[in-house]
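Q: The listed protein sequences correspond, in order, to chains S and L.
Numbers 1 to 115, taken from our numbering, label the letters of the first sequence in order.
Numbers 1 to 276, taken from our numbering, label the letters of the second sequence in order.
Accuracy of the hints is not assured; some may be wrong.
As the list claims (entries may be wrong) - Pair ranges (Cβ atoms, derived):
id, chain 1, residue 1, chain 2, residue 2, range
1, L, T20, S, L64, 38 to 46 angstroms
2, L, E42, S, T69, 42 to 50 angstroms
3, L, E42, S, P37, 39 to 47 angstroms
4, L, L143, S, G42, 32 to 40 angstroms
5, S, A2, L, L143, 28 to 36 angstroms
6, L, T166, S, I61, 21 to 29 angstroms
Stated by the list, open to error - Derived pair list, reagent style EDC-like, types lysine to aspartate or glutamate, alpha-carbon separation capped at 16 angstroms:
id, chain 1, residue 1, chain 2, residue 2
7, S, K58, S, D41
8, S, K58, L, D232
9, S, K58, L, D193
10, S, K58, L, D262
Said to hold, decoys possible - In silico negatives: residues of chain L with every beta carbon more than 10 angstroms from chain S:
id, residue
11, T33
12, D70
13, I188
14, D193
15, G237
16, V238
To be clear, the hints were calculated from the coordinates, so they are not data collected in a lab.
Only a predicted model underlies this, so the values are computations on that prediction, with no experimental measurement involved.
Cβ coordinates follow ideal geometry from the N, Cα and C atoms, glycine included.
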Amino acid sequence: MAWQALYETATGRLVSVGSVVAEPLPAGLAALALAGPPNVDGEMWDAGTRAFVARPAKVLIDRLDDLITDSRYSADLIALWNALNATNRNRLRTGLIRLLGSQRWRTAGEAVDLR
Amino acid sequence: MPDVAMQQGSNRITTVGEATGDSSGVTLTANATQNVKGSYAEIVASTPFDSCALYVILARPSANLDYLIDIAIGAGGSEKIIVENLLISGKIDDTTMDLLIPFNLPAGTRLSARCQCGPSAGSGTIDIAVSLFGRAILQSHGLSCCTTYGAATGSSGATGIDPGGTANTKGSYAEIEDATAKPIRQLIVQVGDRANNIMTTATWLLDIAIGAAGSEVVLIPDLLLVASTGNDTILPGVLGPFPVWVPAGSRLAARAQCSINDATDRLIDVGIIGVY
Numbered sequence: 001m002a003w004q005a006l007y008e009t010a011t012g013r014l015v016s017v018g019s020v021v022a023e024p025l026p027a028g029l030a031a032l033a034l035a036g037p038p039n040v041d042g043e044m045w046d047a048g049t050r051a052f053v054a055r056p057a058k059v060l061i062d063r064l065d066d067l068i069t070d071s072r073y074s075a076d077l078i079a080l081w082n083a084l085n086a087t088n089r090n091r092l093r094t095g096l097i098r099l100l101g102s103q104r105w106r107t108a109g110e111a112v113d114l115r
Numbered sequence: 001m002p003d004v005a006m007q008q009g010s011n012r013i014t015t016v017g018e019a020t021g022d023s024s025g026v027t028l029t030a031n032a033t034q035n036v037k038g039s040y041a042e043i044v045a046s047t048p049f050d051s052c053a054l055y056v057i058l059a060r061p062s063a064n065l066d067y068l069i070d071i072a073i074g075a076g077g078s079e080k081i082i083v084e085n086l087l088i089s090g091k092i093d094d095t096t097m098d099l100l101i102p103f104n105l106p107a108g109t110r111l112s113a114r115c116q117c118g119p120s121a122g123s124g125t126i127d128i129a130v131s132l133f134g135r136a137i138l139q140s141h142g143l144s145c146c147t148t149y150g151a152a153t154g155s156s157g158a159t160g161i162d163p164g165g166t167a168n169t170k171g172s173y174a175e176i177e178d179a180t181a182k183p184i185r186q187l188i189v190q191v192g193d194r195a196n197n198i199m200t201t202a203t204w205l206l207d208i209a210i211g212a213a214g215s216e217v218v219l220i221p222d223l224l225l226v227a228s229t230g231n232d233t234i235l236p237g238v239l240g241p242f243p244v245w246v247p248a249g250s251r252l253a254a255r256a257q258c259s260i261n262d263a264t265d266r267l268i269d270v271g272i273i274g275v276y
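So here's chain S without its partners, still in its complex pose (with noise of 0.2 angstroms):
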């Protein structure tokens, strides 16, 4: 069966995706019809021009830039990382690194500190 998607004529917002499709399509519904199922990873609906798009990449920030840039976290830690040649910070670098292990990496929406 041949892939389509379903969305609202009116506002573009998709309903369903699937092979098997109502006939006949509920009224206010519109199908795309799709090469395949969509690759969830790597493109998202978008209603506006009611098509697939490319789904934008995951920002992560580096809690190791928090702690080493931003003043508002810890300020000691800034000083004495500024106070050190490019040997020492290298050091420091590798065991804050170690220290923070999976949790390095954060969303936008994160906290700095860690539970």
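Using the hints, position chain L against chain S.
A: Chain L in isolation, oriented as in the chain S frame:
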């Protein structure tokens, strides 16, 4: 609070206590004094049909404390506890619990719950949603096979569900299976995070449906899911089994709403195990 009579067997499942405004459940607030129950919060004023089991989901604790939850029936001020002191060890936003309680409730029952926190000082909240099962619970008699639908073996995941760009609004249905190979008597829902290891704290309400695209009917509404920046995964990972009666040849689909609209962190994987 949608519910649907299944095509055969007259079974029904509905969810009460879902909070569509923020994609969560009814919030229970503990007493400000540690180890003292807070006041009751109403889950539903009147259950819509005779039910034989409660499928309880507790999620999103606000405190790193232990919780004891009472579930009660009866009018406000004269509640009668039917399930007492359910234990959940809270880790802020991280822990969830889902459990099936075989328990007959007549239609028209008011359902409520309350909680306490402890052992140390502090108070907290926790969300609750309850799915009511109609006339059937879980009978294994005659069941001997499982079929998994929606698996994505090429990515070791399942079917991707996008709640869409508007927070707290149901997104589009994604097709999990075009035609079930066998009838489904018990349905197990699997949920994954699409290998997203850095997630935003969020909640979802997930619908499982059958029917052709454009005319889906919700079988199991508003299953409460949670992710947090602490656990960086979506919980619970498995829900059910739910007693259903889905004929062979049915199209299975799922949709969800999410409390956030981040283009990546709102995505979830859903698979279904059909037992027959």
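Q: Each hint: holds or not?
A: Hint check:
About 39 angstroms separates the C-beta atoms of T20 of chain L and L64 of chain S, a value consistent with the hinted range of 38 to 46 angstroms. E42 of chain L and T69 of chain S have their C-beta atoms about 49 angstroms apart, which keeps the hinted 42 to 50 angstroms range intact. Range check, E42 of chain L to P37 of chain S: Cβ separation about 41 angstroms, and the 39 to 47 angstroms hint holds. As the Cβ distance of L143 of chain L to G42 of chain S is approximately 39 angstroms, the hint placing it in 32 to 40 angstroms holds.
A C-beta distance of roughly 35 angstroms is found between A2 of chain S and L143 of chain L, which places it inside the suggested range of 28 to 36 angstroms. At roughly 25 angstroms, the beta carbons of T166 of chain L and I61 of chain S sit within the given window of 21 to 29 angstroms. Proximity of K58 of chain S to D41 of chain S is assessed by CA-CA distance (about 11 angstroms); at most 16 angstroms being required, the pair is judged to hold. At roughly 15 angstroms between alpha-carbon atoms, K58 of chain S and D232 of chain L fall within 16 angstroms of each other, so this suggested pair holds.
Note on K58 of chain S and D193 of chain L: the hinted pairing holds, with a Cα-Cα distance of about 14 angstroms set against a maximum of 16 angstroms. Proximity of K58 of chain S to D262 of chain L is assessed by CA-CA distance (about 9 angstroms); at most 16 angstroms being required, the pair is judged to hold. Distance check for T33 of chain L against chain S: the nearest CB is about 25 angstroms away, which clears 10 angstroms, and the non-interface claim stands. With a closest Cβ-Cβ approach of about 28 angstroms to chain S, D70 of chain L is found to remain outside the 10 angstroms limit, as its non-interface label requires.
Annotated as non-interface, I188 of chain L keeps its C-beta farther than 10 angstroms from every C-beta of chain S; the closest such distance is 22 angstroms. No beta-carbon of chain S comes within 10 angstroms of the beta-carbon of D193 of chain L; the shortest separation is about 12 angstroms. Residue-level check passed: G237 of chain L sits 19 angstroms from the nearest beta carbon of chain S, beyond 10 angstroms. Under the 10 angstroms C-beta cut-off, the non-interface status given to V238 of chain L relative to chain S holds; the minimum distance is some 21 angstroms.
The structure fails none of the hints (numbered hints given earlier).
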